[in-house]
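Enquirer: Starting from the given sequences, assemble the full structure and let the hints guide the process.
Protein sequence lines correspond, in order, to chains G and D. Residues in the first sequence are numbered consecutively from 0, following numbering that gives the first Met the number 0. Residues in the second sequence are numbered consecutively from 0, following numbering that gives the first Met the number 0.
These are computed hints drawn from the structure, not numbers from a lab.
Distance condition first, Cα-Cα at most 20 Å in a straight line; then the derived PhoX-like pairs of lysine-lysine:
hint: 1; chain 1: G; residue 1: 31; chain 2: G; residue 2: 110
hint: 2; chain 1: G; residue 1: 193; chain 2: D; residue 2: 179
hint: 3; chain 1: G; residue 1: 179; chain 2: D; residue 2: 179
hint: 4; chain 1: G; residue 1: 31; chain 2: G; residue 2: 83
hint: 5; chain 1: D; residue 1: 31; chain 2: D; residue 2: 110
hint: 6; chain 1: D; residue 1: 179; chain 2: G; residue 2: 183
hint: 7; chain 1: D; residue 1: 183; chain 2: G; residue 2: 183
hint: 8; chain 1: G; residue 1: 417; chain 2: D; residue 2: 62
hint: 9; chain 1: G; residue 1: 264; chain 2: G; residue 2: 288
hint: 10; chain 1: D; residue 1: 279; chain 2: D; residue 2: 110
hint: 11; chain 1: D; residue 1: 417; chain 2: G; residue 2: 62
hint: 12; chain 1: G; residue 1: 83; chain 2: G; residue 2: 9
hint: 13; chain 1: D; residue 1: 183; chain 2: G; residue 2: 179
Output of the computed footprint for chain G on chain D, the stretches with three or more beta carbons under 8 Å from beta carbons of chain G:
hint: 14; region: 172–181
hint: 15; region: 234–247
A quick note: this is a predicted structure, and the numbers were derived from the prediction, not measured. Beta carbons are placed, not taken as given, at the ideal position from N, Cα and C, and that holds for glycine.
2 protein chains.
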Amino acid sequence: MEIITTLALKERLAELQGTEVCLQGWIRNHRKQKNMGFIDFYDGMCFKNPQVVYDNTIEGWEKVSTLHVGASITVVGTVVPSYKDPTTPEIQARTITLEGDCPEDYPLQPKRHSVEFLREIAYLRPRTRLFQAVFRIRSVAAMAIHTYFQDRGYVYVHTPLITSNDAEGAGNTFTVTTAKMGEKYDASEDFFGKPTSLAVTGQLEGETFAMAFSKIYTFGPTFRAENSNTKTHAAEFWMIEPEIAFCDLQQLMDVEEEFLKFVVKTVIEKCPDELEFLDKFTGGGLLDKLNGLTGSKCARVTHDEAITILRKAMENGTKFQFEPKYGEDTAKEHEKYLTEEYFHSPVFVYDWPKDIKAFYMYQNDDGKTVSAVDLLVPGAGELMGGSQRETRMDKLTERMDQLGISKESLDWYINLRKFGGCTHSGFGMGFERLLIYLTGVDNIRDVIPYARTPMNCEF
Amino acid sequence: MEIITTLALKERLAELQGTEVCLQGWIRNHRKQKNMGFIDFYDGMCFKNPQVVYDNTIEGWEKVSTLHVGASITVVGTVVPSYKDPTTPEIQARTITLEGDCPEDYPLQPKRHSVEFLREIAYLRPRTRLFQAVFRIRSVAAMAIHTYFQDRGYVYVHTPLITSNDAEGAGNTFTVTTAKMGEKYDASEDFFGKPTSLAVTGQLEGETFAMAFSKIYTFGPTFRAENSNTKTHAAEFWMIEPEIAFCDLQQLMDVEEEFLKFVVKTVIEKCPDELEFLDKFTGGGLLDKLNGLTGSKCARVTHDEAITILRKAMENGTKFQFEPKYGEDTAKEHEKYLTEEYFHSPVFVYDWPKDIKAFYMYQNDDGKTVSAVDLLVPGAGELMGGSQRETRMDKLTERMDQLGISKESLDWYINLRKFGGCTHSGFGMGFERLLIYLTGVDNIRDVIPYARTPMNCEF
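Expert: Structure representation (structure tokens):
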């Protein structure tokens, strides 16, 4: 007899109805009556799980009726329509065989556990419905991202993780070394012959590939040694950084918008059951938000315009903890107001004050702003940050000098402007931030399989 | 007028024939005649490039005819059939506009450069035909891998890169720290409160997800601080590690074979021009090898059988530097003989001597071997290594004790056997090894955008 997964069972339900199948998976819940038993069965391949029903004529009734929650089993039985839900099959079991037992002190019992408790048993939590939903969506969203870019001819580039240049000019990097800790250190004798750290971005290397393939994207891990214990910070996270030649800031926003809508739409199509569950779990509004996005047009305002809107709101009685100011960064509360109160949609804020943005951004003619753009979304704040890149070599090196960024170690980056440079733009999106937006789960620790945060590196 | 890429030009050639289009890209070569000019134009979106032809009636003839190799340009012109090759269009240019100049000392001149020289200018080499082929195939192969697994319901898992457990029990890991190098070191005050390193595998964490989703795969970077300067070693490389519940060793081989054929077939279909170029570049035989694989059946022999074959070959006059011995590891020359001389196909060698394999592999009844399998392929040696996992807790912990592997730090891994364990198997494939096989390029430094090797961490 054919061994099938619950995914195959769902896809071939009409054909399999009334036939005998074999399934292998685990017991999520087990309710026993006098002469019958009901097993909530799952194998993780499909979010909606079949119920396995057996009665006291089953071989080894005694043993079967005492099977523990968490045990792995092989079920042979007939596919019958479910009374409760015609789209979810029921299995009338002929035999149920224990594959691997699970003691009664199994930490995952069929009740609601707190996410804090589940973080402590992170190696078991993917078995819960919440994390089956979250990590399936993580996987489907990752594939949607690849599909978007690959279908449009972009080249996927693996930029290096170990690096000797600190692209953002900031500190907050992890040192990578093979030297003995606590002993005298000579960088020239370290593995790479110089100090190295974990990359905070792949953008600069990505630009070198965009100058060869026109359209490229990265999708890989990124590291920040930031000592902040917040809901949105992790030391290790995944990032997507597309870079596009012959593309200016307005065209970049077109790409960002199309890309985001594609990913959201794909997840809505492929994970309806997961999203329905998460919608309930997170208190409602998730599906409305996501469906709303795919139909809406993202607003576009300059930073100056955004500040004007915020200041008007303040004059009209909106309370902000921080005063919105021209030429200065915006706060989370401002982003929230713009997306959730004013525009009721995602908002591109562009032309940011030069002084709060990175050295590689195109300097606008006003001498005050750069061609940078942040995409703010309802519920998750800044989701993407991008810019048109500075292509004028004199402007770029002048800015590097002003900010004290070494030109020697980035000579190759500067040279891109010398050897056939062109207008080009790119953006970065933190994958976990997207997942927070997609799942409604609000803590980054719950959208990463094994989160790394200050003082925490378990499993 | 519509700005299109060379990819769109190729895909819509019939429709665009005779119409005027606008293209943006770079000059690979520029040949001038008295009243005409020919530009080898590329934008990296398509391997076969159109030729741009202009004559002395073009606006700014003087300037156009002196455009440098490497410069970026915008071309407006009519699509006409090429005399040389009907599948490659020609553009009869009306205007050619310089976007970014390129000086005459541009390191990439239209001649053959050595791969060693190109490694030194790794940020420019993606512009060459060789690396346009290699890195497009890298991208297409990555997507084929995702497609294979996602289409079959596998969950893509991002296992952690920073880890506090050293899974292989071996050294050769990079330390990750925020402590000041060369100063007194207290691990409890380091970023994570304990010593951490870069992961050499995601398998163990992958197994925790397989026990929840049945079928999962990882695809991410992996690190080895091995001080070896060979053609096949890099300190940072990408690895694919699928893990499958309710799957034994023979079923695992079925998956490996189907997976490999799928990826090779996809690359053959999507990159015919790139492969044709690489076939010539690497001296022929590449296409035959790849086409041969998709049609052949991989051989399967036990390690004992493989040694018997090798010893017979030796007796019949085949010279080996190392004598093939029962119970011992095989050498590269042995793998070469098996795949290229004896089977003329990829070969699965399984049931390996326990003492040369990892602690987590299923111990066979003979007491001497484990259910491990290596896939050897012609031209690239060991491409995948997998095993059925030890699911009996006593056998597993006994082996860990024998090898001195800490049970405390891996208690969660051991517990997978306690909480609903089941027969499961998985394999690992180094992505760069696959690329060496797919491209015929023999040095790992030439299939990684920016390779990290001992004493080398440039760009």
